[in-house]
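Residue numbers (numbering that gives the first Met the number 0), protein chains in the order written: chain S, 0 to 296; chain F, 0 to 276.
Keep in mind that the hints are not guaranteed to be accurate.
[To be verified] Computed Cβ-Cβ distance ranges for the label pairs, DEER-style:
(1) S:Pro185 <-> F:Gly135: 55 to 65 angstroms
(2) S:Gly196 <-> F:Lys1: 41 to 51 angstroms
(3) S:Pro185 <-> F:Leu20: 27 to 37 angstroms
Think of the hints as simulated: they come from the structure by calculation, not from any bench. By construction, the Cβ of each residue, glycine as well, lies at the ideal position given by its N, Cα and C atoms.
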Amino acid sequence: MFKNFLYSQKVAPYVFVLPFVLVFLIFWVYPLLSSFGMSFQKVTLGQEAQWVGIDNYTKLMSDTIFFKAVRNSGVYMILTLLILIPFPMLFAVLINNKFMWGREFFKSSFFFPALTSVVVAGTIFRLMFGEMEGSLINSLLGLFGVEPVKFLKGQVTGFIALVALASWRWMGVNMLYFLSGLKNIPDDYYEAASIDGASAFQKFTRITMPLLKPTTIYVLTISIYAGLAMFIESMMLWNGNNSPKNIGLTIVGYLYRQGIEKNNLGYAAAVGIVLLLITMVINLTQLAFSGMFKKED
Amino acid sequence: MKKETAVKIILFAFFTVVCLLILIPFYAVTIASFKPGEDLIRYGLNLKFDLSVMNFDNFVYLFTGDHAYFTWFFNSVLLTLVQVTLTLLVSATVAYGFSAYEFRGKNFLFICVLLIMMVPFEILLLPLYTLTNNMGLMNSYSAIILPGIAGAATIFFFRQYLSGIPKEIIAAGRVDGASEYGIYLRLILPIMKPSFAAMAILNGMNSWNNFLWPFMVLSSEHKYTLPIGLKTLLTPYGNNYDLLIVGSFFSILPILALFLAFQKYFIDGMTAGAVKG
C-alpha cells in the first residue's frame with residue numbers, strides 16, 4: 000500500500016525534490032530566521048540569550064568601525080566592478096576577432112589564476128606587495144626610481160593590492176562569460192552592419208554591447224555579491240582579521256570579528272542582516288534598472 | 000591584406016603583454032619554491048632567477064620532512080571526491096524532479112533555488128556555526144558536505160540540460176512498465192552523463208579551494224584540508240615560509256594538470272550560468 004503511494008506519479012516528484020527541501024529548510028531558512036531572531040538578542044555562547052529589541056541596530060548605527068567596514072566593502076565592490084566588467088568585455092571582443100593568433104592559449108592563461116585557492120593567491124600577493132626593496136612590486140617601482148612603498152600599511156596602497164588580487168583572479172573568468180555571450184551573436188548582424196558602412200566602434204556600441212546585456216547583467220550581479228561579501232582576501236593579505244587602522248576590514252570581516260573572535264553573536268547577526276539588506280537592495284535596484292523584470296525577453 | 004597583418008601583430012603583442020602580467024605571480028612562486036625561506040623573508044617574492052641560492056631543499060623537505068602536508072593533501076582529495084559525488088547525485092535527482100513533473104509548489108520551490116544564489120552565504124556563518132555545534136557535527140566532514148549537497152547552481156545547470164531532453168523518453172518508459180524511479184535511474188541518468196563532467200569539474204574546483212566554512216568547522220590538525228593547513232603555516236609569531244611556498248606551489252599542480260586535461264569542461268562548467276536559454 001505504502002509502496003504504491005510512494006511510486007505514484009503524484010508523489011514521485013516530491014520524493015525527487017525532497018533533498019532540496021530538507022537542505023533549504025535546515026541550512027537556509029532556519030539559520031536565516033535564527034540570524035534574524037539573534038539580531039534582537041544579546042547572545043553569548045554558553046549563556047542564556049537575552050532579548051534586547053533593536054539595541055543591536057541602534058548601536059550599529061553609531062559604530063564608526065562598522066561604517067568603516069561598510070565603506071571598505073562598498074569601495075572594493077565599486078573598484079572591482081569598474082575593472083572587472085569593461086576590461087574583460089573588451090578583451091573578449093578583441094580575442095574573438097577572426098584575425099587573432101593563439102586564442103586558445105591566451106584563454107587558458109587568463110583562466111589559470113582562478114584555479115588557485117584564495118589562501119595561495121593571497122599569500123603570493125602578500126609577498127609580492129611586501130614592503131622590502133626586493134619584493135616584486137617594489138623592485139619594479141625601483142626601476143623607475145620610486146622608493147619602496149609599504150603597501151599594506153596605507154589605505155590607498157592596501158586597496159591597490161586588494162583590487163590587484165581580485166583583478167588577477169577573476170579577469171579570465173569574466174572574459175569567458177563574455178566570450179560565451181559573444182558566441183550567441185549571429186555573424187549576419189555584423190555583415191549587415193558592414194554593408195551599411197558601420198565602423199568597428201559603431202558595431203561594438205550598436206550590436207555587441209546591447210546583445211551582451213544578459214551576460215553583463217549576470218556578471219554585474221555576481222560581482223556585486225562577491226564584492227560586498229569579500230573577506231578572506233583581506234584576511235590573507237593582512238595575515239589575519241586585523242589590519243592597521245582597519246584599512247582592510249570588510250563587513251563580513253566585522254561579522255567574523257564580533258561573532259567568532261569576540262563571541263558577540265547577537266551584534267554580529269545584526270551586521271549580517273544589514274549586509275543581506277544592502278546586497279538585496281543594490282542587486283534588485285540594478286536588476287530593475289536593467290529591465291530584468293520586464294516580461295518580453 | 001596588409002592591414003589584417005598589422006591588426007594581427009598588434010593584437011598578438013597586446014595579449015602577450017597582458018598574459019605575461021597574469022603569469023608573473025606563477026613564475027615568482029615557482030622560483031621562490033627553489034629558494035630558502037630566509038631568502039623570501041629578507042628579499043620578498045621577486046623575479047630574480049639566481050642559481051647560486053636555488054636548490055631542491057624545500058622539495059626534499061616537502062616530501063620527507065616531519066609535517067602534516069600530505070595528510071592535508073589527502074584529506075582534500077578525499078573530501079573533494081566525496082563532496083562532488085554526493086552533490087552531483089543529489090542535485091541531479093532534484094533537477095530531474097523539477098524538469099520532468101508538474102506539481103503543486105514547483106514554481107515556489109524553484110524560486111527558492113534561485114534565492115539561494117542571491118543570499119550571501121557569509122551571513123549564515125554564525126547560525127550555521129551554532130547549528131553545527133548543536134547537531135554535534137563540529138570537526139566533521141559532514142558539516143562541510145551537508146549544507147551544499149543540493150547545490151543551487153548545480154541544480155540550475157542540470158535542469159537546463161534536462162530541458163533539452165524529449166519528454167517522450169519518459170512516456171515510453173512508463174508504457175514499458177518502468178516505475179518513476181526506474182525511469183530516472185535507467186533512462187535519464189545515462190543520458191545526463193556528459194553534463195556530469197562539467198559540473199564535476201566546477202564543484203571539484205570549488206571544493207578543492209573551499210576555505211571559510213571548513214576553516215570554521217575543522218579544529219584538529221589531522222583533519223585539515225590543504226588550504227586550511229597552508230593558512231596555519233602563517234602565524235602572527237612567524238611564518239614557516241620554506242614549507243608554505245613550496246606547499247603552495249605544489250597545491251596548484253594537481254588542479255593545473257586537471258585543467259590542462261579537461262579544459263573544455265572547466266570552461267563549460269564556469270560559464271554554465273551566464274548564458275540563458
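Status of each hint after checking the structure:
no.: 1; hint: S:Pro185 <-> F:Gly135: 55 to 65 angstroms; result: holds (57 angstroms)
no.: 2; hint: S:Gly196 <-> F:Lys1: 41 to 51 angstroms; result: violated (21 angstroms)
no.: 3; hint: S:Pro185 <-> F:Leu20: 27 to 37 angstroms; result: holds (34 angstroms)
In this structure, only the earlier hint numbered 2 is contradicted, and the remaining ones agree with it.
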